[in-house]
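There are 2 protein chains.
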Amino acid sequence: MFETINTNVNKTVAFLETELETFNNALQHKVIPKKTYLLREGEICDFEAYILKGCIRSYYIDENGSEVILQFAIEDWWVSNIASFNDKKPSKIFIETLEDCEVLLLSTANKEILLDEVPKFEKVFRLMVQKNLSATQNRLITTIAKAAPEKYLDFMKQYPTISQRVAQHYIASYLGISAEFLSKIRTRLSKQ
Amino acid sequence: MFETINTNVNKTVAFLETELETFNNALQHKVIPKKTYLLREGEICDFEAYILKGCIRSYYIDENGSEVILQFAIEDWWVSNIASFNDKKPSKIFIETLEDCEVLLLSTANKEILLDEVPKFEKVFRLMVQKNLSATQNRLITTIAKAAPEKYLDFMKQYPTISQRVAQHYIASYLGISAEFLSKIRTRLSKQ
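Residue numbers (numbering that gives the first Met the number 0), protein chains in the order written: chain A, 0 to 191; chain B, 0 to 191.
Possibly wrong hints are sitting among the right ones.
[As the list claims (entries may be wrong)] Heads up, incomplete: computed chain A residues facing chain B, CB under 10 Å, no partners named:
| id | residue |
| --- | --- |
| 1 | L69 |
| 2 | I92 |
| 3 | L126 |
| 4 | N131 |
| 5 | K183 |
[As the list claims (entries may be wrong)] Some chain B residues well away from chain A (every beta-carbon gap over 10 Å; in silico):
| id | residue |
| --- | --- |
| 6 | T6 |
| 7 | E16 |
| 8 | Q27 |
| 9 | L51 |
| 10 | Y59 |
| 11 | E98 |
| 12 | L114 |
| 13 | Q129 |
| 14 | S133 |
| 15 | Q136 |
| 16 | L152 |
| 17 | E179 |
Because the hints were derived from the structure by calculation, they are not lab data.
In this text, a Cβ means the ideal position worked out from N, Cα and C, and glycines have one as well.
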């Protein structure tokens with residue numbers, strides 16, 4: 000159960016067996032059915048979730064009541080709402096499973112204990128957040144500055160497997176376009 | 000010269016005098032005139048800059064050749080391009096001073112040495128990146144989901160002092176609207 004997550008954290012820092020055990024003891028294994036909320040708007044996010052299996056989305060509901068997908072996450076990714084987790088503020092976003100999922104949850108309290116006991120994990124989490132920041136900055140640039148076909152190509156590059164796994168209207172919501180327009184873009188690109 | 004930065008890092012972790020000295024020795028003090036590039040598109044970002052004095056912007060040039068401002072940074076903020084810094088990839092963005100600036104630069108090499116010598120700095124940088132991620136996620140939500148007047152109010156909340164310091168067309172560029180439209184929004188809001 001801990002094989003992939005341990006391989007993942009060992010990539011950046013070399014840990015002792017005992018340190019990985021402390022880490023694994025801090026994690027809570029959970030099986031979560033499809034279409035279940037891990038976090039709702041207004042709640043305080045008190046976890047970071049490592050995905051063993053499945054696909055999860057985070058989304059926001061805009062002023063017109065439309066869902067705007069901020070991020071997809073699949074196997075070997077972490078998902079959380081760092082703004083809420085960090086500052087203990089109510090979340091602006093929802094986090095929901097799109098498939099049946101298996102996750103390892105690290106709670107705020109357990110994370111603090113882990114970092115006290117094995118400070119070497121600071122580096123792991125710093126690099127993880129840096130990677131996430133880098134992806135979010137990219138998403139921001141794409142959102143602001145690119146036309147829909149380029150947005151779609153960027154999406155396919157960042158998430159090569161997701162378009163086979165989730166309904167097309169979710170991808171359209173991520174791209175900020177209608178499902179019809181997405182379909183037109185796909186047809187046009189497939190002809191090129 | 001190191002007073003504010005040391006106070007800043009001491010907020011989250013208690014450092015010894017000698018550890019702060021190691022930190023300060025890793026920093027390079029630089030005076031940079033207004034309208035100078037710290038980073039250009041295509042270059043690899045090899046620094047994180049702590050601002051002692053002045054205002055800096057990071058921006059992107061979109062497919063139509065228009066500048067899109069991603070971030071403003073002022074005193075006591077850090078500015079960098081984490082995507083480029085992290086993965087040693089060419090930057091997609093520009094970082095430019097808007098005022099005469101004084102900064103403390105931490106190079107990639109010095110950061111690595113510092114983290115080896117004083118691993119307690121891992122926490123400082125993790126929390127710094129988390130704060131940045133949280134701000135970037137907020138910016139993304141605002142960009143995608145809010146109308147221009149709300150964007151402007153969000154901007155004023157996040158950057159209460161910047162609208163007095165930079166030309167209005169920079170703020171318009173940050174909000175993704177024309178300077179004329181920004182002026183209309185300001186007039187309308189001032190009447191409310």
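Each hint, compared with the structure:
{"no.": "1", "hint": "L69", "in the structure": "holds (7 Å)"}
{"no.": "2", "hint": "I92", "in the structure": "holds (7 Å)"}
{"no.": "3", "hint": "L126", "in the structure": "holds (8 Å)"}
{"no.": "4", "hint": "N131", "in the structure": "holds (6 Å)"}
{"no.": "5", "hint": "K183", "in the structure": "violated (19 Å)"}
{"no.": "6", "hint": "T6", "in the structure": "holds (20 Å)"}
{"no.": "7", "hint": "E16", "in the structure": "holds (20 Å)"}
{"no.": "8", "hint": "Q27", "in the structure": "holds (22 Å)"}
{"no.": "9", "hint": "L51", "in the structure": "holds (23 Å)"}
{"no.": "10", "hint": "Y59", "in the structure": "violated (5 Å)"}
{"no.": "11", "hint": "E98", "in the structure": "holds (24 Å)"}
{"no.": "12", "hint": "L114", "in the structure": "violated (7 Å)"}
{"no.": "13", "hint": "Q129", "in the structure": "violated (5 Å)"}
{"no.": "14", "hint": "S133", "in the structure": "violated (4 Å)"}
{"no.": "15", "hint": "Q136", "in the structure": "violated (6 Å)"}
{"no.": "16", "hint": "L152", "in the structure": "holds (13 Å)"}
{"no.": "17", "hint": "E179", "in the structure": "holds (19 Å)"}
In this structure, the earlier hints numbered 5, 10, 12, 13, 14, 15 are contradicted, and the remaining ones agree with it.
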